[in-house]
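These protein sequences, in sequence, are chains A, B, C and D.
Going by this note's numbering, the first residue of the first sequence is number 2, and it counts up by one from there.
Going by this note's numbering, the first residue of the second sequence is number 2, and it counts up by one from there.
Going by this note's numbering, the first residue of the third sequence is number 2, and it counts up by one from there.
Going by this note's numbering, the first residue of the fourth sequence is number 2, and it counts up by one from there.
Take these hints with a grain of salt, some might be off.
The list treats identical chains as one, so a pair stands whether inside a single copy or across any two.
[To be verified] Dumping the calculated DSS-like pairs for lysine-lysine here, alpha-carbon to alpha-carbon at most 30 Å: (1) K83 - K35; (2) K332 - K3; (3) K35 - K112; (4) K35 - K89; (5) K181 - K83; (6) K112 - K181; (7) K243 - K219; (8) K3 - K43.
In case anyone wonders, no lab produced these hints; they're calculated from the structure.
In this text, all values refer to a predicted model and were calculated from it rather than measured experimentally.
Protein chains: 4
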Amino acid sequence: MKVGIVGVTGYTGLELLRILSNHPHVEVTYLSSKSFVGKSLKDVYPFELDETVLQDIEVERFEDCDVLFTALPAGVSYELVKDLKNTKVIDLGADFRFDDPSLYEKHYGKKLSNYETCERAYGLTELNREKIKNAKFVGNPGCYPTAVLLATAPLAKNDALGTSEIFVDAKSGVSGAGRKQDESYTFCELNENLKPYNLVDHRHVPEMEEKLEALFKKKINVVFAPHLIPMNRGILCTIYLKTSLSIEEIHRMYREFYQDEFFVHVLPIGTYPTTKWCLGTNHVFISLTKDERTDTLIVMSALDNLMKGASGQAVQNMNVMFCFEEQTALKFKAVYP
Amino acid sequence: MKVGIVGVTGYTGLELLRILSNHPHVEVTYLSSKSFVGKSLKDVYPFELDETVLQDIEVERFEDCDVLFTALPAGVSYELVKDLKNTKVIDLGADFRFDDPSLYEKHYGKKLSNYETCERAYGLTELNREKIKNAKFVGNPGCYPTAVLLATAPLAKNDALGTSEIFVDAKSGVSGAGRKQDESYTFCELNENLKPYNLVDHRHVPEMEEKLEALFKKKINVVFAPHLIPMNRGILCTIYLKTSLSIEEIHRMYREFYQDEFFVHVLPIGTYPTTKWCLGTNHVFISLTKDERTDTLIVMSALDNLMKGASGQAVQNMNVMFCFEEQTALKFKAVYP
Amino acid sequence: MKVGIVGVTGYTGLELLRILSNHPHVEVTYLSSKSFVGKSLKDVYPFELDETVLQDIEVERFEDCDVLFTALPAGVSYELVKDLKNTKVIDLGADFRFDDPSLYEKHYGKKLSNYETCERAYGLTELNREKIKNAKFVGNPGCYPTAVLLATAPLAKNDALGTSEIFVDAKSGVSGAGRKQDESYTFCELNENLKPYNLVDHRHVPEMEEKLEALFKKKINVVFAPHLIPMNRGILCTIYLKTSLSIEEIHRMYREFYQDEFFVHVLPIGTYPTTKWCLGTNHVFISLTKDERTDTLIVMSALDNLMKGASGQAVQNMNVMFCFEEQTALKFKAVYP
Amino acid sequence: MKVGIVGVTGYTGLELLRILSNHPHVEVTYLSSKSFVGKSLKDVYPFELDETVLQDIEVERFEDCDVLFTALPAGVSYELVKDLKNTKVIDLGADFRFDDPSLYEKHYGKKLSNYETCERAYGLTELNREKIKNAKFVGNPGCYPTAVLLATAPLAKNDALGTSEIFVDAKSGVSGAGRKQDESYTFCELNENLKPYNLVDHRHVPEMEEKLEALFKKKINVVFAPHLIPMNRGILCTIYLKTSLSIEEIHRMYREFYQDEFFVHVLPIGTYPTTKWCLGTNHVFISLTKDERTDTLIVMSALDNLMKGASGQAVQNMNVMFCFEEQTALKFKAVYP
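Next up, chain A with everything else stripped away, as it sits in the complex (with noise of 0.2 Å):
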């Protein structure tokens, strides 16, 4: 099977590469990067060791792929890509993410046209794996509504929620940023700091909650904070919330909603994730902790931003979307330390 990957050189992309190379059933034929046409992968990063000239962004030659991985900023994607005829698309950015067009046009400042009729699925394999199976468009998820919903979903049954609201206090790598050319991501700002941003309007907010009301059949606020940690890789949400459930039967509803699924796992009550147990693997692990005097519910779940937060998601869907075996390729153990 043929893969084309347009935007090869940011992390994501990078990312598509070391997860393809371990694929059996497809070759990547396509790789194009606007920034750095005509070098090869070897010259921009040396450590890659392929040859493999980078092309343009040009829409013929989209058509000769069975699969496109696009990587590209908000709006480009959509564009480039609505027409293909036998071509998938798995999109990493934000194009494709939103069931409602005005949400999109609303927090992303783009009308993008016939959005209304072009079919699309939301890429969160554990909870919307039919749809993917048969869509043409997919929209990975945002790499915080990965780590949210993931936590979340099981309470969608038996009213185990009991608010409308949920606090989101999230924690991220640097790497969640992409490549930037900014001073405020150099080395020296960012190294020995914490530095909270973009609290309460931050786009991944719409994206949570417009899932998470197709989930509970209820609108959801979430209140969300995010924060930039010195290190590369990892997202880790500490998700407050409130149920009268006890902690044992949420502990239970965990475990049998995850039970067949081999990259999400519920950990026993009292151990705790960490980021690095999920570097550089497809993994999620959640754990679930209850504050009884307030009937809180503190859950927690850790990933990689780059692979179940990116370019492992997506791969995953790639599998789902061609009846590969869903964890083709993505077998990867943490690397630890």
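Take the given structure of chain A and dock chains B, C and D to it, following the hints.
Relative to chain A, chains B, C and D alone:
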């Protein structure tokens, strides 16, 4: 004035030395360390230039000091110093922090003799200055309680806190745990990692709750989740709570509350603190953000856990107790970057 | 093929598991750990998903394995495995590294029984492939010797090394020291720090010198200065030596020497390696620079100390010993960033 | 005394402020920054508490200052200040470092007008105190030359250096590169990484060689290899050179040479410095080790690149030029850990 430090080779002890070497009115005349008796400080830490020999912990030597800083395991300080006649004591451990003896007993597993009758002041200077001024024993607050109490105290007026619970998501540099000889604190286990610990039942919770109750005149439940961040120093607490006041009203309340304080800074709305702003200083930065949809106020406070969270605060208390200008020896600017 | 790992809970043991989980021709049938007998790997490292129970170190179990990887303190491995009949052994410690028994005795302080008669091969695959192929006992090289020998071996031809000494300035990530329970390896002591150690008399010096003498047919003195770098993984050796050959000639010699090697890469002149290029991989990058004024050649080599510097190399050796394709299970790409 | 800082918003400018805020005899009256004219320092760095408005770079304002610190790109400082009448200048760039104009021209690509006739002193206080005392223009040394010259100067007596070349393996924290807006200095590229750069042809080489020649009365070639270390601050240079003197003799020579120096410390034989010992301080630690087999002396020197390697040194020079006690405002102890 003669100063003694008991337990000088730990991180808070070293930090006391760093501060006091600047202090025009004191002389450090007694340094003790259980582990390194007979060695000089320079033997243990070659970057320390003074050759004073470390002495054993001898109560009879305590009386030679006008003030004694104790940095010892829980339960040890109290028994050593409780009968001192003329020496004032600032304890950096937990022994003098609680008003209610049963709380100490419950959470630290020890019954202290005559704890009820020992006069002690809780050493959070900005909130308890008058009592500290005349105290003989000062219990220097825990690092997390310092961050949380300063971040919430202004709300105690005007019934600004809408409920009786707050959610505290706390992040700390690793030095908060002290000098440990423990596999789980090695570089490889914590670097490139983010690690939650002691959810819900951290010992700082009863300390915070006792002081919050005194401030707010009602029981406040603190739902607490601390996390280790891969950096040496710094605490950032992200606090979620309910209020019906507008962000402008709250901002004004905070600015007024701290207008005469040298060390506490309320940032403009929209600016968030980072821990590195406080590195090596006694300053605290507080930000205020509101999620209007849910009437949630997010308060953040950042400080250096070894300074305002421990030794800086201790010296600030000493200055108050001995009528020195409160900022003496504490005007460090941030070591940046 | 049945594989056993003795000492699996250390960092090299975990890394062996990470690699072998990818290997199509082997099954790991015996995992032992002195410290965690009776627990499952998952109990010790919750991110390990397998529930195999860790067994005690039992020599009688060794014979059930076709090959045994031993990661044990110096002196322990040898005595445990020296009488094995049908099991091949790849030792990740120092016991099988030396040709000259007196060197081992002098530097490791132990006399090994019948060491003279035990047939063993030094496991630096690229330089000793033929001997490894038929060996029963392979002594996997130290991490620093791997970096230094690969960086200098091409000079052994043509008398390219002008003197009989080389200066090796070595920098290593902290995992090179293994899992330690030692105050000086805690996060706070090593983070934001750079720490030289064991100058001149590191135990890897006699290992390097013995192998260099065999390569160069003359005694080479290695002036060695290792430094701990605040990162988990990675070694970079900067080697200063004398040669009268031009940089172009030397570059050609190196390219030729390694032209058929999959894991060793000689960079273009003017490009220097960084350790992160090797993170999680078995690759080695070598750069060549000349200070023409002084006829000094600066050779740099970078590798991952747990992969090519330990477990990756060990599996490479296993592949050679059992006639698998040498790269089997070792085609990891760098985890970047 | 009135002090001006030109280019205050860079790291060396901020560090000057941190130091001078402690200085009893100076008042900072002029702060300028090309990039942030009209803003206050607090606008740019919210942790700075002063609200002084940053001014444009105006030569006519320079004369109001008794001393001016300039932290500007190469070539800019010289032209701005060369005609000042009554203001002394301490330049933190390269413009005043060279005695030989042709060296500056060759390596910095600019011809400075009347450079031959401009009287200037090289500002390495310990080695050039008398000349600095009366200088109008002081060229503050580069960070690497400071580390290398202090580490080798004692050898200039007694013909202790056996050859005319030294090998300098230099390691620096990232702040040595200043505030950069460059992809290759982002957190993700440098964290968990070790990166050599500018081998052999770093601009600090001619500076070192000119000064070494003056000290040793012969041409010394410096074979130089600098490396970026994933930490903010700190330089450690590991220097390899030849001597026939015994380690005891050399140690005695070094101790004598620096016996009256407050900031330079020769460690006991067998103790090596770490960069964190110097964090935030003006101190330099030097160790001496000998490989007896090869008559190689390994000298290490550690310092904080923003203090003794830049702004601390600059203030030390100011103290000398204005006859203040040399240590004034520079008695910082290490921020540890």
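Given a CA cutoff of 30 Å, do K83 and K35 count as a within-copy pair, a between-copy pair, both, or neither? Within one copy, since 19 Å is at most 30 Å while 47 Å is not.
Between copies, within a copy, both or neither: which fits K243 and K219 at Cα up to 30 Å? The answer is both: 15 Å in one copy and 21 Å across copies each meet 30 Å.
What label fits K3 with K43 when the C-alpha limit is 30 Å: within, between, both, or neither? Classified as within: same-chain Cα gap 21 Å, cross-chain 38 Å, threshold 30 Å.
If the cutoff is 30 Å on CA atoms, where do K35 and K89 land: within, between, both or neither? Let me know, please. within (21 Å within a copy, 51 Å between copies)
Classify it for me, K112 with K181: is the Cα-Cα distance of at most 30 Å met within a copy, between copies, both or neither? So K112 and K181 pass the 30 Å test inside one copy only (26 Å; across, 36 Å).
Within, between, both or neither: K35, K112 at alpha-carbon 30 Å: within (23 Å within a copy, 40 Å between copies)
Identical-chain pair category, K181 with K83, by Cα at 30 Å: For K181 and K83, the Cα distance is within 30 Å only inside one copy (27 Å; across copies 39 Å).
Have a look at K332 and K3 and pick one of within, between, both or neither, based on CA distance no larger than 30 Å. This pair counts as both: shortest intra-copy Cα distance 21 Å, inter-copy 21 Å.
In this structure, every one of the numbered hints holds.
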